[in-house]
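Q: The residues making up each chain are set out below.
Protein chains: 2
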Amino acid sequence: MTALDIAEVARRSGVPASTLRYYEEKGLIASIGRRGLRRLFDPAILDRLALIALGRAAGFSLDEMAGMFTPEGAPRIDRATLATKADDIDRTIRRLVAMRDGLRHAAACRAPSHMECPTFRKILKAAADGAFTPPANRINR
Amino acid sequence: MTALDIAEVARRSGVPASTLRYYEEKGLIASIGRRGLRRLFDPAILDRLALIALGRAAGFSLDEMAGMFTPEGAPRIDRATLATKADDIDRTIRRLVAMRDGLRHAAACRAPSHMECPTFRKILKAAADGAFTPPANRINR
DNA sequence: GCTTGACCTCAAGTCGACTTGAAGTGGCAG
DNA sequence: CTGCCACTTCAAGTCGACTTGAGGTCAAGC
Numbered sequence: 001m002t003a004l005d006i007a008e009v010a011r012r013s014g015v016p017a018s019t020l021r022y023y024e025e026k027g028l029i030a031s032i033g034r035r036g037l038r039r040l041f042d043p044a045i046l047d048r049l050a051l052i053a054l055g056r057a058a059g060f061s062l063d064e065m066a067g068m069f070t071p072e073g074a075p076r077i078d079r080a081t082l083a084t085k086a087d088d089i090d091r092t093i094r095r096l097v098a099m100r101d102g103l104r105h106a107a108a109c110r111a112p113s114h115m116e117c118p119t120f121r122k123i124l125k126a127a128a129d130g131a132f133t134p135p136a137n138r139i140n141r
Numbered sequence: 001m002t003a004l005d006i007a008e009v010a011r012r013s014g015v016p017a018s019t020l021r022y023y024e025e026k027g028l029i030a031s032i033g034r035r036g037l038r039r040l041f042d043p044a045i046l047d048r049l050a051l052i053a054l055g056r057a058a059g060f061s062l063d064e065m066a067g068m069f070t071p072e073g074a075p076r077i078d079r080a081t082l083a084t085k086a087d088d089i090d091r092t093i094r095r096l097v098a099m100r101d102g103l104r105h106a107a108a109c110r111a112p113s114h115m116e117c118p119t120f121r122k123i124l125k126a127a128a129d130g131a132f133t134p135p136a137n138r139i140n141r
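Line order of the protein sequences matches chains X and V.
Here my numbering is used: position 3 in the first sequence is 3, and no number is missing along the way.
Here my numbering is used: position 123 in the second sequence is 123, and no number is missing along the way.
Errors might be hidden in some of the hints.
Copies of the same chain look alike in the list, so a pair counts if it works inside one copy or between any two.
Claimed, not checked - Simulated pairs of lysine to aspartate or glutamate, EDC-like, Cα-Cα distance not exceeding 16 Å:
1) LYS26 / ASP88
2) LYS26 / GLU64
3) LYS125 / ASP47
4) LYS26 / ASP63
5) LYS122 / ASP101
6) LYS122 / ASP88
Note that these hints are calculated values from the structure, not bench results.
Computed from a predicted structure; not experimentally measured.
All chains should be built: construct the whole structure from the sequences, respecting the hints.
A: Listed below in structure tokens is the structure:
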């Protein structure tokens, strides 16, 4: 039998058992049966978990990803959705590059106080205008 | 009198009054008095709020930023801290660039299923290895 | 002087993705 | 056959940054 029990899936995927149960409850994954109480999973679950990890990293919510599989378990991903997400990330990258450069400047700047540095004040103004505040993604944690 | 009441600060800064009260409670900002019940703020609060917005965008928590002001209200920012944060952001950027490129590929790839695309599988493996999962920043949101 | 309504306080709720804890179950080694 | 213990369920807790709601106050305009 090729079925994996939950501990084995956890070990191989690095995803905690509690998270696997949570994903199942959410409909993101499905077990193929039980041995006693214990869930058994098809080894293909590992690919699926990798895909979920990828989607999460790309900024998709668990709910969004629940719709990205066919009932048979094959990924069904709209290419336009991917392109849109890529564009989102691209905007985030631009924002972060500006932030990083601003921070590096502030770290290197020799003005006695940051408030006396024109560059820093310019960055501050941009921040006040919300230039760095994202609309509502959440690539990170 | 140059003091601004909370509604005026909210209007000029774009920060909701509820947030201003919350920031005060957290010790991030301070009012200079009251008119009746109403808080009055020094106009310098606007710079401070901009700095807080900048810090948040850079990934500092509110608690971290509470320590970045002198009792007099001047920013007191350790340059090494800034450099460290810049490096953090730089790592995030690299991660995001990889993600973005991966997504663009997946969006453009003509393989019948994503799972049949070698490039996609490579990305998937990287995701499974946690290559895209951040340690615990939180630039976004 | 009285009403109005923007402000006040304080506790509780929200959001997403999980984790934790208490109480129960059952396969398997001895 | 028994005991162990890794699993099970289900409810509740966590984290950060706020928001919301109920009930209260008071400066200002009429």
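Q: Would you mind marking each hint as holding or not holding in the structure?
A: Here is how each hint holds up against the structure:
1. LYS26 / ASP88: Neither: 25 Å inside a chain and 32 Å across chains, both beyond 16 Å.
2. LYS26 / GLU64: within (11 Å within a copy, 35 Å between copies)
3. LYS125 / ASP47: between (46 Å within a copy, 9 Å between copies)
4. LYS26 / ASP63: within (8 Å within a copy, 33 Å between copies)
5. LYS122 / ASP101: Result: close within a single copy only, 13 Å intra versus 31 Å inter.
6. LYS122 / ASP88: neither (25 Å within a copy, 22 Å between copies)
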